[in-house]
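J.: Residue numbers (our numbering), protein chains in the order written: chain A, 1 to 302; chain B, 1001 to 1302.
Worth flagging that the hints you see were computed from the coordinates, not collected in a lab. Values in this document were obtained by computation on a predicted structure and should not be read as measured data. Hints should not be assumed to be uniformly reliable.
In silico negatives: residues of chain A with every beta carbon more than 12 Å from chain B [as the list claims (entries may be wrong)]: (1) 2; (2) 30; (3) 63; (4) 130; (5) 141; (6) 158; (7) 275; (8) 276; (9) 277; (10) 290; (11) 302.
Result set (DSS-like, lysine-lysine): computed pairs, CA atoms no more than 25 Å apart in a straight line [said to hold, decoys possible]: (12) A:14 to B:1298; (13) A:152 to A:121; (14) B:1181 to B:1204; (15) A:49 to A:130; (16) A:54 to B:1014; (17) A:298 to B:1014; (18) B:1014 to B:1130; (19) B:1129 to B:1098; (20) A:14 to B:1054; (21) B:1129 to B:1014; (22) A:130 to A:264; (23) A:98 to A:157; (24) A:157 to A:178; (25) A:14 to B:1014; (26) B:1121 to B:1204; (27) A:54 to A:178; (28) B:1098 to A:98; (29) A:130 to A:263; (30) B:1204 to B:1157; (31) A:298 to A:264; (32) B:1094 to A:94; (33) A:49 to B:1264; (34) A:94 to A:121; (35) B:1157 to B:1054; (36) B:1054 to B:1098; (37) A:98 to B:1094; (38) A:157 to A:54; (39) A:54 to A:244; (40) B:1094 to B:1130.
Note that CB positions come from ideal geometry on N, CA and C, so glycine has one too.
There are 2 protein chains.
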Amino acid sequence: MELRILGCHSATPKPGEFPSSQALLIHNQWILLDAGEGTQMQLRRYGVKFSRIKHIFITHLHGDHVYGLFGLLSTFRLLNRQTELHVHGPEPLKPLLKHVFQLSQVELTYPLHLHAVSPEKPALILDEKKFTVSSIPLNHRTDTTGYIIREKPAPRKLNTEAIKQYPEIDIWAYNNLKAGKDIILDDGRIIPNNELTFDPPPPKSYAYITDTAYLPDIVPRLHNIDVLYHEATFACEDENLATKTFHSTACQAARIARAAQVKKLILGHFSSRYRNLNILLNEAQKIFPETELAFEGKHILI
Amino acid sequence: MELRILGCHSATPKPGEFPSSQALLIHNQWILLDAGEGTQMQLRRYGVKFSRIKHIFITHLHGDHVYGLFGLLSTFRLLNRQTELHVHGPEPLKPLLKHVFQLSQVELTYPLHLHAVSPEKPALILDEKKFTVSSIPLNHRTDTTGYIIREKPAPRKLNTEAIKQYPEIDIWAYNNLKAGKDIILDDGRIIPNNELTFDPPPPKSYAYITDTAYLPDIVPRLHNIDVLYHEATFACEDENLATKTFHSTACQAARIARAAQVKKLILGHFSSRYRNLNILLNEAQKIFPETELAFEGKHILI
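If we strip away everything but chain A, and leave its shape as in the complex, we get (with noise of 0.2 Å):
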């Protein structure tokens, strides 16, 4: 997987600051999370190619998270797309899109399905052959939620030299070896499937937490994940405004990372107020040492 970030401020943008968007690399596949105002020239700007976005995730409906979308979505058209897209995001999406590609008579070239979210209980939203997205009810002043991309476990790897030891290993059984069978030869001898494949790497994950409340309630469903993006809109000491807001801070998304023991945690979502973000990096920091800010155009393997 690799995650470029297109941009990761809140609203009231400045020239190179753009409202929250994303594009994540899965198995040859663009997924797009959130498309703030700008998210077409960016995309460009990362030489994402449109033609590889099959699906959009959209957290929620305010501006900063979905003004980009409408232009998109024509520039799709305009580009005389073909292929089906998939939109998934809150319920009132649908009339929202409906309502302005009416009033500016875009009449699209393309399938566009759109795929209510829940905003009460966590979902499996998208299961395809490779890899899983799963949304997870966020606490935010409208209905909200993040979205957590898995990998599926890839096949075992077989162990060629291993299995030169038993030539009567035929080759149609490799399949039942890399889905981790094990074999049972003529002779009724059974070969343990560990000693003929090795550990295929481990899947990746991703979660993608924004805009939201403090919200500890979601740490279960974070355990272990590789990558966590988690919304920091607030330094420490203005933990009364992110509660007023319903955003969370610095320390708060350090104490969600350190408690789910995600292995890396990004910074984002951040309020035009700081000038220098390095106050939230440092804050976070001392609570979860594995932490880094976001920034536009940020790449990251993961």
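With the hints as your guide, set chain B onto chain A.
T.: Chain B in isolation, oriented as in the chain A frame:
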């Protein structure tokens, strides 16, 4: 008047290429013309103070002219704007903004006045102390109007040396002189105004004409305009595409400029199909030499 071009490309933007938007500084007030995606970032980039924008004029509701309005108006709210804002544009702009703000939960902190502009006949739509804004119907695939901004004539300038020759002229008469009136002295002599004053600088004018098919009907209304921005989506050899999509070519824009005897023509709203826009420039200059290309960030003193 000072014009700042924020975006001058048609849809499917690339990095650094923004869809239509311009800011015009006139007598200490910024006027915004169209608001394609990214307008708020561009306003910040070029130092246009949000608080000095009182009027926004939208030509039509295609996304590349209006999808940046949602974010801009939301940002005004986040900045706690209190002063009223006037947005002029096609009538369906009202339900469009209503739906978008309702579904994305934007509650404005300031009075927003939406003014429907007639798509059928030219009209004076803003009459300020020092300038006016008129609408001019265009010929596009949806209701579209261009806008003409004209300074009102400035007061005549006092010729202090000449006035000194007549000590009997009271200081209270100066306003009459500035207004162009003659002076009648106590002895009945009449001093003609032009003996005591100089001509003021001629009032300046700017026309924003986009998007439209070739429309010679507008020429009389553009007569003698100082700067004309006219869309030139296509090169001259692609006139069939222009006709089909209700856009103009560079040659057609130049013909309008020549017929209207404007002082300067700026071409814009470029299709992304042209790598080298100098083709359009050269074509237009053959017809109307005083032609320039628009580009993002271009600054024009009118």
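J.: Give a verdict on every hint.
T.: To see whether the hints hold, each was checked on the structure:
no.	hint	result
1	2	holds, 20 Å
2	30	holds, 17 Å
3	63	violated, 5 Å
4	130	holds, 31 Å
5	141	violated, 7 Å
6	158	holds, 45 Å
7	275	holds, 15 Å
8	276	holds, 19 Å
9	277	holds, 18 Å
10	290	holds, 32 Å
11	302	holds, 25 Å
12	A:14 to B:1298	holds, 19 Å
13	A:152 to A:121	holds, 22 Å
14	B:1181 to B:1204	holds, 23 Å
15	A:49 to A:130	holds, 20 Å
16	A:54 to B:1014	holds, 20 Å
17	A:298 to B:1014	holds, 19 Å
18	B:1014 to B:1130	violated, 38 Å
19	B:1129 to B:1098	violated, 31 Å
20	A:14 to B:1054	holds, 20 Å
21	B:1129 to B:1014	violated, 40 Å
22	A:130 to A:264	holds, 22 Å
23	A:98 to A:157	violated, 48 Å
24	A:157 to A:178	holds, 6 Å
25	A:14 to B:1014	holds, 18 Å
26	B:1121 to B:1204	holds, 23 Å
27	A:54 to A:178	violated, 29 Å
28	B:1098 to A:98	holds, 13 Å
29	A:130 to A:263	holds, 21 Å
30	B:1204 to B:1157	holds, 17 Å
31	A:298 to A:264	holds, 14 Å
32	B:1094 to A:94	holds, 19 Å
33	A:49 to B:1264	violated, 40 Å
34	A:94 to A:121	holds, 20 Å
35	B:1157 to B:1054	violated, 30 Å
36	B:1054 to B:1098	holds, 20 Å
37	A:98 to B:1094	holds, 16 Å
38	A:157 to A:54	violated, 29 Å
39	A:54 to A:244	violated, 36 Å
40	B:1094 to B:1130	violated, 28 Å
In summary, the structure is inconsistent with hints 3, 5, 18, 19, 21, 23, 27, 33, 35, 38, 39, 40 from the numbered list given earlier, while agreeing with the others.
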